[in-house]
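Mapped onto mature numbering (1 follows the signal peptide of the UniProt record, and there is no 0), the consecutive letters of the sequence shown carry residue numbers -26 to -1, 1 to 32.
Since the hints were derived computationally from the structure, they do not count as laboratory data.
Keep in mind that this is a model prediction, so the values were computed, not measured.
A few of these clues could be false.
Stated by the list, open to error - Derived DEER-like restraints, expressed as beta-carbon distance ranges:
no., residue 1, residue 2, range
1, Gly6, Leu(-20), 23 to 29 Å
2, Leu15, Leu(-18), 16 to 22 Å
3, Pro10, Ala(-14), 40 to 46 Å
4, Glu8, Leu(-19), 51 to 57 Å
5, Cys(-15), Asn19, 36 to 42 Å
6, Leu(-19), Leu15, 34 to 40 Å
7, Glu13, Leu(-18), 56 to 62 Å
8, Val27, Leu(-22), 37 to 43 Å
9, Leu(-16), Tyr24, 34 to 40 Å
Just so it is clear, CB atoms sit at the ideal spot from N, CA and C, and this is done for glycine as well.
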Amino acid sequence: MAPPLPLLLLLCAAALLPLRPRAAPAQPAFPGPEAPAEELLRFYNDLQQYLNVVTRPR
């Protein structure tokens, strides 16, 4: 016997919940003052992107 349609739709929606995108990217973590230049550059690029997304007008 097949499950009722509303129950099937509810289960499908619950399975897709973890796939939804977040509203903003996660804040980048500072690698420390002794980090290599490439890692610091990556951090500052990620930080700039994060600030652009968080402070953009809506």
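Verification of the hints:
At roughly 51 Å, the beta carbons of Gly6 and Leu(-20) sit outside the given window of 23 to 29 Å. Here the CB-CB span from Leu15 to Leu(-18) is close to 47 Å, at odds with the stated 16 to 22 Å. For the hinted restraint 40 to 46 Å between Pro10 and Ala(-14), the CB-CB distance of approximately 45 Å keeps it satisfied. Separation of Glu8 from Leu(-19) is about 55 Å and conforms to the stated range, judged on CB atoms against 51 to 57 Å.
A hinted range of 36 to 42 Å holds for the C-beta pair Cys(-15) and Asn19, which are about 38 Å apart. At roughly 49 Å, the beta carbons of Leu(-19) and Leu15 sit outside the given window of 34 to 40 Å. With their beta carbons about 46 Å apart, Glu13 and Leu(-18) fall outside the hinted range of 56 to 62 Å. A hinted range of 37 to 43 Å holds for the C-beta pair Val27 and Leu(-22), which are about 39 Å apart.
The beta-carbon spacing between Leu(-16) and Tyr24, approximately 35 Å, falls within the hinted interval of 34 to 40 Å.
The structure fails hints 1, 2, 6 and 7 (numbered hints given earlier, in ascending order).
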